[in-house]
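Number of protein chains: 6
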Amino acid sequence: MDDDRSRKGAEILAKLHAWGTPRVLEPLEKVAPDMKDMVRDFAFGEIYARPGLDLKSRQLVTVAALAAMGNTSTEFRAHVHGAMNVGWTREELVEALMQIAVYAGFPAAIHALLAAGEVFEEREKTEGGKV
Amino acid sequence: MDDDRSRKGAEILAKLHAWGTPRVLEPLEKVAPDMKDMVRDFAFGEIYARPGLDLKSRQLVTVAALAAMGNTSTEFRAHVHGAMNVGWTREELVEALMQIAVYAGFPAAIHALLAAGEVFEEREKTEGGKV
Amino acid sequence: MDDDRSRKGAEILAKLHAWGTPRVLEPLEKVAPDMKDMVRDFAFGEIYARPGLDLKSRQLVTVAALAAMGNTSTEFRAHVHGAMNVGWTREELVEALMQIAVYAGFPAAIHALLAAGEVFEEREKTEGGKV
Amino acid sequence: MDDDRSRKGAEILAKLHAWGTPRVLEPLEKVAPDMKDMVRDFAFGEIYARPGLDLKSRQLVTVAALAAMGNTSTEFRAHVHGAMNVGWTREELVEALMQIAVYAGFPAAIHALLAAGEVFEEREKTEGGKV
Amino acid sequence: MDDDRSRKGAEILAKLHAWGTPRVLEPLEKVAPDMKDMVRDFAFGEIYARPGLDLKSRQLVTVAALAAMGNTSTEFRAHVHGAMNVGWTREELVEALMQIAVYAGFPAAIHALLAAGEVFEEREKTEGGKV
Amino acid sequence: MDDDRSRKGAEILAKLHAWGTPRVLEPLEKVAPDMKDMVRDFAFGEIYARPGLDLKSRQLVTVAALAAMGNTSTEFRAHVHGAMNVGWTREELVEALMQIAVYAGFPAAIHALLAAGEVFEEREKTEGGKV
Chain A
56 MDDDRSRKGA EILAKLHAWG TPRVLEPLEK VAPDMKDMVR DFAFGEIYAR PGLDLKSRQL
116 VTVAALAAMG NTSTEFRAHV HGAMNVGWTR EELVEALMQI AVYAGFPAAI HALLAAGEVF
176 EEREKTEGGK V
Chain B
56 MDDDRSRKGA EILAKLHAWG TPRVLEPLEK VAPDMKDMVR DFAFGEIYAR PGLDLKSRQL
116 VTVAALAAMG NTSTEFRAHV HGAMNVGWTR EELVEALMQI AVYAGFPAAI HALLAAGEVF
176 EEREKTEGGK V
Chain C
56 MDDDRSRKGA EILAKLHAWG TPRVLEPLEK VAPDMKDMVR DFAFGEIYAR PGLDLKSRQL
116 VTVAALAAMG NTSTEFRAHV HGAMNVGWTR EELVEALMQI AVYAGFPAAI HALLAAGEVF
176 EEREKTEGGK V
Chain D
56 MDDDRSRKGA EILAKLHAWG TPRVLEPLEK VAPDMKDMVR DFAFGEIYAR PGLDLKSRQL
116 VTVAALAAMG NTSTEFRAHV HGAMNVGWTR EELVEALMQI AVYAGFPAAI HALLAAGEVF
176 EEREKTEGGK V
Chain E
56 MDDDRSRKGA EILAKLHAWG TPRVLEPLEK VAPDMKDMVR DFAFGEIYAR PGLDLKSRQL
116 VTVAALAAMG NTSTEFRAHV HGAMNVGWTR EELVEALMQI AVYAGFPAAI HALLAAGEVF
176 EEREKTEGGK V
Chain F
56 MDDDRSRKGA EILAKLHAWG TPRVLEPLEK VAPDMKDMVR DFAFGEIYAR PGLDLKSRQL
116 VTVAALAAMG NTSTEFRAHV HGAMNVGWTR EELVEALMQI AVYAGFPAAI HALLAAGEVF
176 EEREKTEGGK V
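Here the protein sequences come in this chain order: A, B, C, D, E and F.
The opening position of the first sequence corresponds to residue 56 in the numbering used here, with each subsequent residue numbered one higher.
The opening position of the second sequence corresponds to residue 56 in the numbering used here, with each subsequent residue numbered one higher.
The opening position of the third sequence corresponds to residue 56 in the numbering used here, with each subsequent residue numbered one higher.
The opening position of the fourth sequence corresponds to residue 56 in the numbering used here, with each subsequent residue numbered one higher.
The opening position of the fifth sequence corresponds to residue 56 in the numbering used here, with each subsequent residue numbered one higher.
The opening position of the sixth sequence corresponds to residue 56 in the numbering used here, with each subsequent residue numbered one higher.
Any given hint could be a false lead.
Which copy is meant is left open, so a pair is good if it fits within one copy or across any two.
Unchecked claim - Calculated pairs, DSS-like style, for lysine-lysine (alpha carbon to alpha carbon, straight line, at most 27 Å): (1) Lys-85 x Lys-180; (2) Lys-85 x Lys-111; (3) Lys-180 x Lys-91; (4) Lys-180 x Lys-63.
Since the hints were derived computationally from the structure, they do not count as laboratory data.
With these hints in hand, go ahead and build the complete structure from the sequences.
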């Protein structure tokens, strides 16, 4: 059973190219290796893997939630990458983050937009303009 | 111009049946009437009215942002109503709110689910089971 | 020395008619009586009592800080009372709370305004319209 | 395997008499029954059940975390009950919550103390003074 | 009408030398140029420009709100600059930020004080000791 | 009396080797020297020094509170050092921080674990492996 959710979590992470990237989980492995597995097994294998809401919508929920909480760290950027990998466009994400200003204030929205902007630049450079 | 954004804001509020309901804005009118107009003109007429992200996706952003911030007040419930009015199903919203547990913790997700549950019940009663 | 800061704290509380009211501190006395004294001695006797910023400005800092943090509880209302007792008008406080929307989002500002509105009503009734 | 973590989670909940109480989870069952199971299986069966930190210390972590986040809802009260059921005294919990004032401000500490005070009263009445 | 609020917003920004500085808004222009205009038009042209509360008091509200929310980023520093540009002294701002410890905890106050300290140093160097 | 709490605060800081380190308080001394004394006198001399909860438990409360609030700054790291100096093991602290995921979300727990991981590495290097 646990193998099953690990497998499902890994599959979703492969689609998102998000949390699975070394930037977020590599240093975690050293201090709390079980936590790294738990992210894959619980967050992605048990929650994200549930039917009832498609992966693209789930990714919008995550980006909105993190932005509203003021989280602009590495995992926010990884999730912006993930959102684009599952079909959200740069313009749509900019709109979603501007809307955060209404609910969490302008500073939260601005910080999220600047972090997303760095992701857009990175993708332009490394993926031949696929933004 | 201001008339234009007021009109656009009122149109979107009419689609959402959300912030426009007396429950949220009536008491505001007494203490800060300009603020009531500002919600309609800025939040809905200037942000929500922007092209680039469809209304249904915008409503998911709002519900996710409020839930992540621990907001389960009247306006959260009004936005759950709005989300259903623009096409999200009960099952999809439950999934979106369960996912909040990953990013904002179980208590935030649970409180949001309980508040959404009250909206679902209310709609079952008042709208002939349209949930 | 401790008597000195207790005395100063009590003096400031008397000016504010704020935290010193039974609504906030009476129930605290039962569960944590030392905490009640600490509010008077530290918060008011040691911080508020410092020279370098006048009491009226200090009260605006407190109202803005609580509103930005989403605090609309009994002590927020007590501090709105306090703000009016040291000279801020109803109009000025409404403006200050509307401005919170820019930094902490519209819901925080709206909740603070509604709570302040209840204080204004209460004062109209009990103080012969002195708002 | 899942049966195993469900069993472990249920065992811990039985020791805490906390989240397992109807007050927190009954209404959740109606709106999101899987979420109710997830709390038992993941939060208690997978996290709390881990060796490496004893149950009594874990309960102090939970009470401190919730208080610092301004959570004084039903589950905070359930966890105060739980903390006393696994050996923390009323005096120790009051001290822990007073300390929260240093890190999260006086209002968070005061609200947590008042909620804990209600738990203490409830236990005095229903458990013959066992506080 | 929009031209009017843009003009008012630009006027206030010129007085504050705050958000208008390149450090905050330049990178925003690249990722979300409309957001940059919205800050000027809405935050400054529509909210800050309202009569009923003077600019100096408004700036104290902003500094207190940001500090209470744990925001010590570039825009907090820009607003500390702005506060001094409209008449608040170094001593008054230190007092206001120390007071934040009571409501948002010592860490929030300390972080805000350290960020303000960097502004004070910067001003000493670049403006011939005008602090 | 004030000398008494200053002395007690200094004693506790010496045991924790925490806030007393130059990294947290040195820069504070320049911008707000009274705040530096207030941390020692109030936070440690008046709160931490109270009987009723042992120092080791107090340190777990602080680490849990800071992690739940998303605080992974210098003072969080200083308190992780402090926690180990009064007897908590690396394994116990990792467990406590993993548990934060349940209440404040995975990102808060992950960030706290990574910050704690840096403390563990630092101690391995500078204290001959005493972790």
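Against the structure, the hints come out as follows:
no.	hint	result
1	Lys-85 x Lys-180	between (31 Å within a copy, 15 Å between copies)
2	Lys-85 x Lys-111	between (31 Å within a copy, 26 Å between copies)
3	Lys-180 x Lys-91	between (29 Å within a copy, 25 Å between copies)
4	Lys-180 x Lys-63	neither (31 Å within a copy, 38 Å between copies)
When the structure is compared with the earlier hints, a violation turns up for hint 4 alone.
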